[in-house]
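Number of protein chains: 4
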Amino acid sequence: MAKLYFRYGAMNSGKSTALLQAAYNYEERGQQVLLAKPGVDAKGDRDIVSRLGVTRPVHFLIGEDADVLELFFAERRALVEATGSPVACLLIDEAQFLTPWQVNDLLRIAVVQDVPVLAYGIRTDFRTEAFPGSARLLEVAHSLEELKTICRCGRKALFNARRIGDQYVFDGQQVAIDTLNDVGYESLCAACYLAESGGVLDGEAVTVSAPLGPDVDFS
Amino acid sequence: MAKLYFRYGAMNSGKSTALLQAAYNYEERGQQVLLAKPGVDAKGDRDIVSRLGVTRPVHFLIGEDADVLELFFAERRALVEATGSPVACLLIDEAQFLTPWQVNDLLRIAVVQDVPVLAYGIRTDFRTEAFPGSARLLEVAHSLEELKTICRCGRKALFNARRIGDQYVFDGQQVAIDTLNDVGYESLCAACYLAESGGVLDGEAVTVSAPLGPDVDFS
Amino acid sequence: MAKLYFRYGAMNSGKSTALLQAAYNYEERGQQVLLAKPGVDAKGDRDIVSRLGVTRPVHFLIGEDADVLELFFAERRALVEATGSPVACLLIDEAQFLTPWQVNDLLRIAVVQDVPVLAYGIRTDFRTEAFPGSARLLEVAHSLEELKTICRCGRKALFNARRIGDQYVFDGQQVAIDTLNDVGYESLCAACYLAESGGVLDGEAVTVSAPLGPDVDFS
Amino acid sequence: MAKLYFRYGAMNSGKSTALLQAAYNYEERGQQVLLAKPGVDAKGDRDIVSRLGVTRPVHFLIGEDADVLELFFAERRALVEATGSPVACLLIDEAQFLTPWQVNDLLRIAVVQDVPVLAYGIRTDFRTEAFPGSARLLEVAHSLEELKTICRCGRKALFNARRIGDQYVFDGQQVAIDTLNDVGYESLCAACYLAESGGVLDGEAVTVSAPLGPDVDFS
Chain H
1 MAKLYFRYGA
11 MNSGKSTALL
21 QAAYNYEERG
31 QQVLLAKPGV
41 DAKGDRDIVS
51 RLGVTRPVHF
61 LIGEDADVLE
71 LFFAERRALV
81 EATGSPVACL
91 LIDEAQFLTP
101 WQVNDLLRIA
111 VVQDVPVLAY
121 GIRTDFRTEA
131 FPGSARLLEV
141 AHSLEELKTI
151 CRCGRKALFN
161 ARRIGDQYVF
171 DGQQVAIDTL
181 NDVGYESLCA
191 ACYLAESGGV
201 LDGEAVTVSA
211 PLGPDVDFS
Chain R
1 MAKLYFRYGA
11 MNSGKSTALL
21 QAAYNYEERG
31 QQVLLAKPGV
41 DAKGDRDIVS
51 RLGVTRPVHF
61 LIGEDADVLE
71 LFFAERRALV
81 EATGSPVACL
91 LIDEAQFLTP
101 WQVNDLLRIA
111 VVQDVPVLAY
121 GIRTDFRTEA
131 FPGSARLLEV
141 AHSLEELKTI
151 CRCGRKALFN
161 ARRIGDQYVF
171 DGQQVAIDTL
181 NDVGYESLCA
191 ACYLAESGGV
201 LDGEAVTVSA
211 PLGPDVDFS
Chain C
1 MAKLYFRYGA
11 MNSGKSTALL
21 QAAYNYEERG
31 QQVLLAKPGV
41 DAKGDRDIVS
51 RLGVTRPVHF
61 LIGEDADVLE
71 LFFAERRALV
81 EATGSPVACL
91 LIDEAQFLTP
101 WQVNDLLRIA
111 VVQDVPVLAY
121 GIRTDFRTEA
131 FPGSARLLEV
141 AHSLEELKTI
151 CRCGRKALFN
161 ARRIGDQYVF
171 DGQQVAIDTL
181 NDVGYESLCA
191 ACYLAESGGV
201 LDGEAVTVSA
211 PLGPDVDFS
Chain Y
1 MAKLYFRYGA
11 MNSGKSTALL
21 QAAYNYEERG
31 QQVLLAKPGV
41 DAKGDRDIVS
51 RLGVTRPVHF
61 LIGEDADVLE
71 LFFAERRALV
81 EATGSPVACL
91 LIDEAQFLTP
101 WQVNDLLRIA
111 VVQDVPVLAY
121 GIRTDFRTEA
131 FPGSARLLEV
141 AHSLEELKTI
151 CRCGRKALFN
161 ARRIGDQYVF
171 DGQQVAIDTL
181 NDVGYESLCA
191 ACYLAESGGV
201 LDGEAVTVSA
211 PLGPDVDFS
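Protein chains in written order, with my numbering: chain H, 1 to 219; chain R, 1 to 219; chain C, 1 to 219; chain Y, 1 to 219.
These aren't lab readings, by the way, just hints derived from the structure by calculation.
Small disclaimer: the values here were computed from a predicted structure and weren't measured.
There's no promise every hint is true.
Below, simulated DSSO-like cross-link-like pairs (lysine-lysine); rule was C-alpha separation at most 30 Å, straight line [what the hints assert, rightly or not]:
1) 148/Y x 156/R
2) 3/C x 3/H
3) 148/H x 3/H
4) 148/Y x 3/H
5) 3/R x 148/R
6) 3/R x 156/H
7) 3/H x 3/R
8) 3/C x 156/C
9) 156/R x 156/C
Using the sequences plus the hints, can you model the full thing?
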């Protein structure tokens, strides 16, 4: 029985490179793969774009209301007819933007269709809340595998802070594409994130109001 | 800087045993640990109970509205005064029952207080949805580590199916303690779960209505 | 196809507890397991002894020259005849003391007999060299999974230092059972180990003889 | 304290791509890295070559008798002088070809110099024996992380079989570069490897000579 893998990481951890390498590994052995990503992801249209310089189009986009099972069956049929060989793997980029029920279909593809599904995506947004697709993948994936990158301080990055111009912001819409409106993102470890947010996580401030003595300092 | 670990698993994967072993390892080296669990967990009152036969009381219960930082500071102070040595680790059993803001405090304890936090808990409920504490731990823990157990078919168990008497049920309240009302749970792999639920995941049925031909069969 | 797992850790990381928990999980589901350990392991005769207080005899000991495949077939036949149900898993304690060709048979049992093999053992000896069984398991196991414990300094322990009386020693025979001759072991992180050994690893001292300036200090 | 990571995988699992992505991630944040590889690796001279099409020269080669600590100090000094910023990471490609004492120095660089070392390499040779560098990395690395690729059968590849022309061979020298003499390699899972080798592992045949009945079949 095949499995659903969620390979998650902070922004700029090399998720698209890892996806393209996995696709390459399959195809080098003569095995077909299907590549897809959510339609809402605006970067590079139909392309999966690696910061290392490798680019490749997906087989299909997944619209917000799309039925992933139906899409998968149609695309698989087309690829099998074109190549004469079966589909060995389904690879999804930017999986954080899927809906929960689309992720349910990824699990069904793995378990019932016996096709491994590798879903790559960001774990949490700039407020440290999971995206809808990530939240569901964290619940149901057979295997949770982290792709790591580093914070400015050298530790492993955990969160994705948002900046508008030079200013970190901790309120706003979940999705604000980084090429627009002077919005930027920075992958930070938890310590650097809490230092910038003044201890706020997910809109919630530190709740201890009593004097705490020397053993706590959130400044 | 210390880390927050989420060691998750299906029911009966040995989470309490692993927690008690970790506590033992610290104490054997002369290092103090604090043990806690949510107050809502009815099993065994203040005890952490391992199915292997080992039992041990927690230092404190975490009520539904409790401020975890405040509790931690008070309990740490008491333990340091009683033993004369610092607290090397905070261990939480049944962490799935914490609230999201209580999990935020676990992250702050690790990152700002520099005390490692090991949180053990179940990933998802009988409908495959994360518990509130698990959902937040899956978002913010530095490290997600799976404790494994097996399905009746020999595969790794992923989900926790609920039975009332002999009947699997897929609707109802999230928490229904297993010693009451003839409710039982069974850890199942995704294939066995989908077989019992007729393809339903999280209350959502399979959405493909067109005839699919030989390549799909959810029966 | 089943897999061979090597669950390794420093001394006192809870390997026997984890093994006994895994056995319990199988048997609770009505699935039979076989337990074994090398005959050279003197502790507790035929027992697997957990520091948490749980103890249980193995089904068979593996002598130094024993053929593991032959033993496995005979013991499996006996257990199947006694219980009427198949063997779902083979669990090995103290696997570091197996010979490399005995580990080869563990791989064959997993791959050809389709029975999962969980081998628990120490990674390296007091000089930081792998034991014969560990060296082979590190080469061929499908999955390498670390069981963690802590150093006296709070970091993860990596190595097992040997003491005779109060003195750390870095030369001697690979196996010196800890209950005899005033020999003791302490799990240490790499920094604490190098501090005690004066930079020596595996009998080899630091090789840089030129003056190095402020950026190196092995004292 | 920094750590030594061993990221191992079968041939063609994307190790060089992963290394180049890690280097890119550091440099994108304005952090310097040092790249190195053993001198014995003939492919691409001083280049790290990714099958995805990305190529980049190393800062230094490590000769068979080279003192890695000395090389590291000299190269670090040069890079710091050239760039004015410290070295945040040392990345090693083809680490399987290092000597054990060179790996010891990698551990010292991580632990004593506090510079993370990411070593990428193949776990085992065509006979399923570890290379000298891999054997030592499997003993002393803080973290063992697998990079996966697939077998022709769709399972995870574990071993690297050698072919001369169309013929699988299981005897010969450990290193035979694949562009020469019609030598080729194929990453195989354990089942496919054992099928090709007739059950032989590491030069050792199956030792069970008694008639085994239906439950064993190595053909």
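**Message:** So if I understand the rule, the pair passes when the alpha-carbon distance is 30 Å or less; does residue 148/Y with residue 156/R pass?
**Reply:** Since the Cα atoms of residue 148/Y and residue 156/R sit roughly 20 Å apart, the hinted pair holds (cutoff 30 Å).
**Given hint residue 148/R paired with residue 3/R - CA-CA distance at most 30 Å** = holds, 22 Å
**Item:** Pair hint outcome, residue 148/Y versus residue 3/H [Cα-Cα no greater than 30 Å]
**Value:** Within the cut-off at roughly 14 Å; holds.
**Prompt:** Keeping to a limit of 30 Å between CA atoms, is the pair of residue 3/R and residue 156/H held or broken?
**Reply:** Satisfied, since the Cα-Cα distance of roughly 11 Å is no more than 30 Å.
**Prompt:** Regarding the pair residue 156/R and residue 156/C, is the alpha-carbon distance no greater than 30 Å?
**Reply:** Holds - the C-alpha atoms of residue 156/C and residue 156/R are around 28 Å apart, at most 30 Å.
**Item:** residue 3/C paired with residue 3/H [C-alpha distance capped at 30 Å]
**Value:** The hint holds at about 16 Å.
**Request:** Quickly compare the C-alpha distance for residue 148/H and residue 3/H to 30 Å and report which way the hint goes.
**Result:** holds, 22 Å
**Prompt:** Can the restraint linking residue 3/C and residue 156/C be considered satisfied, given a maximum Cα separation of 30 Å?
**Reply:** Holds - the C-alpha atoms of residue 156/C and residue 3/C are around 27 Å apart, at most 30 Å.
**Prompt:** When you check the alpha-carbon spacing of residue 3/H and residue 3/R, does it fall within 30 Å?
**Reply:** Cα-Cα ~29 Å, so holds.
Figure legend: structure checked against the earlier numbered hints; every hint is met.
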